[in-house]
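Participant: One-letter residues, chain by chain:
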Amino acid sequence: MARTIVNVPATARRGDIVTIKALVGHVMETGFRHGETGALIPRDIIRSFVCSYNGEEVFRAEFHPAVAANPLIEFSTIATQSGKLEFRWSGDNGFSAEASAAIAVE
Amino acid sequence: MKARLLLLLGAAAATAAAQAPAPERRSGYDFMARETRAMQDDDATNPGMLWVLDGEALWRAGAGASGKSCADCHGDAAKSMRGVAARFPGFDLSARKLVDLDQRINLCRAQKQKAPAFPPESRELLALSAYLGRQSRGLPIDIAVPEPAKPLLEAGRAAFRRRQGQLNLACAQCHDALAGEKLGGSPIPQAHPTGYPIYRLEWQGMGSLQRRLRNCMIGVRAEPYAYGAPEYVELEYYLMWRARGMKLETPAVRP
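So the sequence lines, in the order shown, correspond to chains A and U. For the first sequence, the working numbering begins at -12 and goes up steadily by one. For the second sequence, the working numbering begins at 4 and goes up steadily by one.
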């Protein structure tokens, strides 16, 4: 499975806006490039990214061929309760990656 | 009076062009945009960390006929490998030749692990060298020049000053004399290899110093050497020696 690096503050106060960073290793091959023999290199990109907070979807992104390799997504959410943030990337050729992080809300 | 002042200014410019003196040496980091610097500084956003994590897994994984892992001999890399990457390339006294970090990794694989060498620029080799480099982050580059290595250092220095390629340019013409100026809108850095292997945004991936040198050679329309060629290692040796005392930034991010 692809390597992921997620960064979520370990603790937050209820109602705080917290910044979340999620990085995933992926080549993001656009499908527009030609190889050395002139043949088109088939597209291989991540199509979607979803973050859920205690099972509730809080952020979603759609990816397209112009997104760079090893995409980094930074977004924010409101700390409502202690629990788990789950991250899921999925894409071409059955690509799938998952990560999770815990947050304690006081 | 005016003429004399101009003369003096001219002389000052000529001395500055010869080589940037030690206190004025600046890492390529200083020439980057604020956003790119922030990307490198935060382990959560530095894409090079993806390779470092791969390298950590490789460090612990058994390989080759011996089934031994790097950790079986070297233990905890945070202790045993601290400062090691800052001393490469180095002169191997037993083999009587200069080896860079990638070659040293492959020597260990061949001699101790009985495993096939990683190909140049392979994901595995970059991952291990990034992981080793990470253990020396923030430490000063410390290149030793024992007596038998002196001609090799001089060969590297000569290569840095030698005009080459169809454009007939030497490394020093841009990176000593014109450092800080612009080339096609991009700043020309002083060519201190402080953060290799680097994550280069243009490459959309990780690459070694040799890949970067190859890049410049193609840029001046010279024929690049094969990966691992002694000419590259000598140039790497000279560049690291030239950057001695500067802090290692591996894995660095460059535009």
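It is possible that some hints are incorrect.
[What the hints assert, rightly or not] Pulled a few chain U residues facing chain A out of the computed Cβ check, cut under 8 Å:
| id | residue |
| --- | --- |
| 1 | 47 |
| 2 | 50 |
| 3 | 52 |
| 4 | 109 |
| 5 | 205 |
| 6 | 218 |
| 7 | 221 |
Treat the hints as calculated values from the structure; they're not laboratory data. Note that this is a predicted model, so its numbers are computed, not measured. No residue lacks a Cβ here, since even glycine has one placed at the ideal position from N, Cα and C.
Participant: With reference to the structure, classify each hint as holding or not holding.
Facilitator: Against the structure, the hints:
no., hint, verdict
1, 47, "3 Å, holds"
2, 50, "4 Å, holds"
3, 52, "6 Å, holds"
4, 109, "23 Å, violated"
5, 205, "11 Å, violated"
6, 218, "18 Å, violated"
7, 221, "16 Å, violated"
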